[in-house]
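Colleague: Sequence:
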Amino acid sequence: MEDEFREILFGLGQEIDRGVPIEVAIEKIIPTLRGNHSIKLLQKIISNIKYKNFTLEQAIFHEKEGAINYFPSRLIHSILKAVIDAANKGTKIVSEIMISISKYLTNLHKTQKIVQDNFSEVISSMQMQARILLPLICGVMNTLTYMIIEMVNFIGKTFGGISTEGPAASYAGFLSMWKGLAISPATFQLAIGFYSIETIIILSWFMSGIEVGVDKISLHNGISKNLIVGGLMYFAVSIISFMILTPFLSIVQLTIVPPA
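Residue numbering for the sequence shown is 1 to 260, as defined by our numbering.
These are computed hints drawn from the structure, not numbers from a lab. Think of the CB as a built atom: it goes at the ideal place given N, C-alpha and C, for glycine as much as any other residue. Just so you know, not all the hints are guaranteed correct.
Unchecked claim - Label pairs and their calculated CB-CB ranges:
| id | residue 1 | residue 2 | range |
| --- | --- | --- | --- |
| 1 | T246 | H37 | 15 to 21 Å |
| 2 | T111 | R18 | 28 to 34 Å |
| 3 | P247 | K225 | 32 to 38 Å |
Using the sequences provided together with the hints, build the complete structure.
Modeller: Structure follows, in structure tokens:
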């Protein structure tokens, strides 16, 4: 809607420059905005003026019925505030302000387009990391860690009761390294899960900042999408890698025979 607003300002500026009052100018450009989201804002302004006897300022900024309440945009709020303040100084000044703001927004849009083009590869890379690479690596690492922990526990149980004299002495140093092992596969999975969530949130924050700047709605939307996609990828990779790799754990356990 903010992108459409520069066209609205330019059209209003052209109409007001001909000496048409703002209220009449708004009515005249409404038919040219079919299909645009911004048409609802203008229709609400005209409705407030016609049916509630509001002034233009009240029609826009009324505490309960003002049109701006239904379109909470800081940019649009600031622009309309500037237009209302200038309306008391004459139609010529209002027209010049509207056209100037329209040109400024057009140049700003072009600059944003250039920035987005330059950072498109960076954003795509971050999105791939958040949705594919990070869940893939964490899912495989989760399964491998499970296998390592289970293998170490198995070795500890298998060789824990053997004598450490003679040929078995070579195992004593290895076993002593893992006596204090207290981590479980579930605990490690929680740690990996928290790490994945934090990393996805940070990447989403960077992507939102590059694409749209400071916008909480866009940020929360990006975080939710990336967490859902990344979470599904993580669980899928964990399950698939678990099904593929755990049979090897059983094979290795069967082949390990404690020394006599």
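Colleague: Hint by hint, say whether it matches the structure.
Modeller: Verification of the supplied hints:
1. T246 - H37: 15 to 21 Å: The hint (15 to 21 Å, Cβ to Cβ) is violated, given that T246 and H37 are roughly 53 Å apart.
2. T111 - R18: 28 to 34 Å: holds, 31 Å
3. P247 - K225: 32 to 38 Å: holds, 35 Å
Going through the hint list in order, the structure does not satisfy hint 1, though it satisfies all others.
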